[in-house]
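Student: Heads up: the sequence lines are chains A and B, in that order. Residue 1 is where the first sequence starts when you use this note's numbering, and the numbers rise one by one after that. Residue 1 is where the second sequence starts when you use this note's numbering, and the numbers rise one by one after that.
Hints listed in this document are in silico derivations from the structure and should not be mistaken for laboratory results. Treat the hints loosely; a few may be bogus.
[As the list claims (entries may be wrong)] Which residues of chain A face chain B? A few of them, derived with a C-beta cut under 7 Å, are:
1) Ala-164
2) Glu-166
3) Ser-202
4) Arg-203
5) Phe-369
6) Val-371
7) Ile-373
8) Gly-375
9) Asp-393
For each residue, glycine too, the CB sits at the ideal point set by N, CA and C.
One letter stands for each residue in the lines below.
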Amino acid sequence: MNKPAVDQTRTIDRVNATLKQRYNRERRFRRFGLAAVILGLLFVALMFLNIISQGYSAFYQTRILLDIEYRQEVIDPAGERDPATLSAADYAALVKSALRALYPDVKGRGEKRELYGMVSSGAALVLRQRVMSDPELIGSRQALWLPADDDIDMLVKGRIDRNAPESERRIKNRVLAWVEQLEARGAIEKQFNLGFLTGGDSREPELAGIGGAVMGSLYTLIVTLLLSFPIGVATALYLEEFAPRNRWTDLVEVNINNLAAVPSIVFGLLGLAVFINFFGLPRSAPLVGGMVLTLMTLPTIIIASRAALKAVPPSIREAALGIGASRTQTVFHHVLPLAMPGMLTGTIIGMAQALGETAPLLMIGMVAFIVDIPGGPMDPATVLPVQIFLWADSPERAFMEKTSAAIMVLLGFLILMNVIAVILRKRFERRW
Amino acid sequence: MINNRIILAAALAATAVTTAQAASRDYISIVGSSTVYPFSTVVAETFGKTSAYKTPKVESTGSGGGLKLFCAGVGVEHPDITNASRRIKSSEVENCAKNGVTDIVEVKVGYDGIVIANSKSAPLMHLTRRDVFLALAKKVPNVNGGGELIDNPYKTWKDVNASLPDTAIEVLGPPPTSGTRDAFVELAMEGGCKTFDFIKAMKKQDKKAYKGICHTIREDGAYIEAGENDNLIVQKLESNPKALGIFGFSFLDQNADKVQGSIVDKIAPTFEAIADGSYPVSRPLFFYVKKAHVGKIPGIEEYLAEFTSDKAWGDEGYLVDKGMIPMPKQERNQFAADVKGLNLLKLTK
């Protein structure tokens, strides 16, 4: 159509002229992208490094070797082996006399107090448990590793500076000398701290464990899963497979998408108003926590499930209908099994979100100090992230490592859940 | 379809347990102040371990939130005890009475000091409450006198008081929702505010304006709200030696190797000075018990006995180890007797 170009240069020349610039631009963009990824990874690595270096020591606990004499006259003077007497006996006295035997020249009230303070108040509980389970021990002697007080623990782990002046240290010179004597004899060492994983919360850092919080999280998640998975999948199935396309279903769809963006604290307020104040369910119970988190995870699950259903090609439905299956049969025999991996992935990611959530639980009383490990979804409980929050706010320095260690456990669970989601997707996902 | 059955079963199980639960509660439910929380939890734990009763549940809701829950009514679904880092207000007593909570027992626990601390690597500050007010208030009296109020012009501590170091005013403290902030404002700021005669005179004429001047903290960046986490403030002070931080005494006690408490009105924030009342910025801590629940919920009387025993709140008790400042012996005895007899709260206005 056109006359030969007035411009002397050919198109290819113009392309060649800008080619270098265009390559440069691409290289620059790639580098920016790579830098962004590296920066992100760097921050993640930094976070992990910080948390792990702070928290790994919480899995070890300082224990002191004490020669305990289970004296009959202290534990069971009448000799009847009555469980009530055994339970109420003064086991702390046994620990104290073992310490006195170790340091016979300790005199004076203040000095003795410091000496007794070296061993955790949990030591007496250990002895009680041993005697309760085996009354034969009474009258015998036994060398036992008993947990040290949290200040001693921090000292042995090097988180209290031994060279600091006495007034700035929580450990007096006298106690420091005792610890050094124990160290010289090998009677104090760091051992694996099983109590941290199995125990309930405590205000004594050396006794505090995440067992209660893990159980609380477990019950909460079970309730969430039992409620949100069936409701979410049913909603997605109905909206995707059965519902007519009209203004009403559009409205529902818009609202579900909106719900996914609502701040989680709002669900907590809703839970407080509806479940606790209106239905009269108990505060601090994993059941209510699970119900609130269900509201929060539902949109995630519905959206993921609908995407999974949409990915099933219409030919499958048409073929099933074509050979005479009803619509329900088509959906349940053919579409749902094919969409299931996608739905499960969405559910697991929703569950991982729910596991890490604290804000909605604030309102329904799950931010609480609970020592007893919950035995069911109606018992008062707290959850892992809340436990982290509570420990982070505690004045005792030993709680710092506990906080980081609890974060490590929580991250472990989150990584595990996300890995399962990835495996499910990789293994079962079908592509057409 | 299987799913449906599971939901139904879960729902049925849930309702069954709920009805059983609502009828009785076999543990004590405690709510309230996050300042009293560390002490109340230690007592709860010891009580749970040494008695035949279950360990009480302690929620950290803040003083105001706790009293609101506490006053919501009588019955197992409402808490039995609420902790408070300030005294109950008459409006809250009225609210309680409206919901049928008429018999309340007040227990004073002990004291908590509020410290103004900075990093050990910086020089120790010798402050007066007047300095604190001048450095942190939104409006301060004009230096020229004449009873005129101007927007706070002070940039450095030296501007406030020539004997103080020439560093910029930078104070990390709790947000307005915190009880520590309320107490700090009331004790330190108002204490300094009152040293100006014309402001003090205002108290009688216009109490609202007086409070407005004394209780309002400047908002131009010199006072930084650092959240409720006192550990965080300690860490920030360590990395920024120029800043000062406001937090509870127990955090100073635990971190004596990192931070030092400034001297206020010539008194250092030590255990002894707070206990004998000479350190000016200290406040009493309380908890309130619903008398109607005593005898209904198992263990309340025994919990009170544990809390008011000498091994807990005495001079050498385990609460002192956790950083609480005990009351003098006489006051302790009086409160212990009141608790034993479940004597009711009387508010004198």
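Student: Look at each hint and say if it fits the structure.
Tutor: Hint check:
1. At a threshold of 7 Å, the smallest CB-CB gap from A:Ala-164 to chain B is about 5 Å, leaving the interface hint in force.
2. At about 11 Å, the closest approach between the beta carbon of A:Glu-166 and any beta carbon in chain B exceeds 7 Å, and the interface hint on this residue is violated.
3. Proximity of A:Ser-202 to chain B holds as hinted, the smallest CB-CB distance being about 6 Å (cut-off 7 Å).
4. Because the closest C-beta pair between A:Arg-203 and chain B is about 5 Å apart, less than 7 Å, the hint holds.
5. Hint status for A:Phe-369 relative to chain B: holds, with the closest Cβ pair at about 4 Å, below 7 Å.
6. Given hint, A:Val-371 at the interface with chain B, holds; its Cβ is 4 Å from that chain's nearest Cβ, closer than 7 Å.
7. Contact between A:Ile-373 and chain B, as hinted, is not supported at the beta carbon level, the nearest pair being about 10 Å apart and thus beyond 7 Å.
8. With its C-beta approaching chain B no nearer than about 11 Å, A:Gly-375 sits outside the 7 Å limit, and its interface hint is violated.
9. Below 7 Å, beta-carbon pairs count as interface contacts, and A:Asp-393 has one with chain B at about 5 Å; its hint therefore holds.
Taken one by one, the earlier hints fail for this structure at numbers 2, 7 and 8, listed in ascending order.
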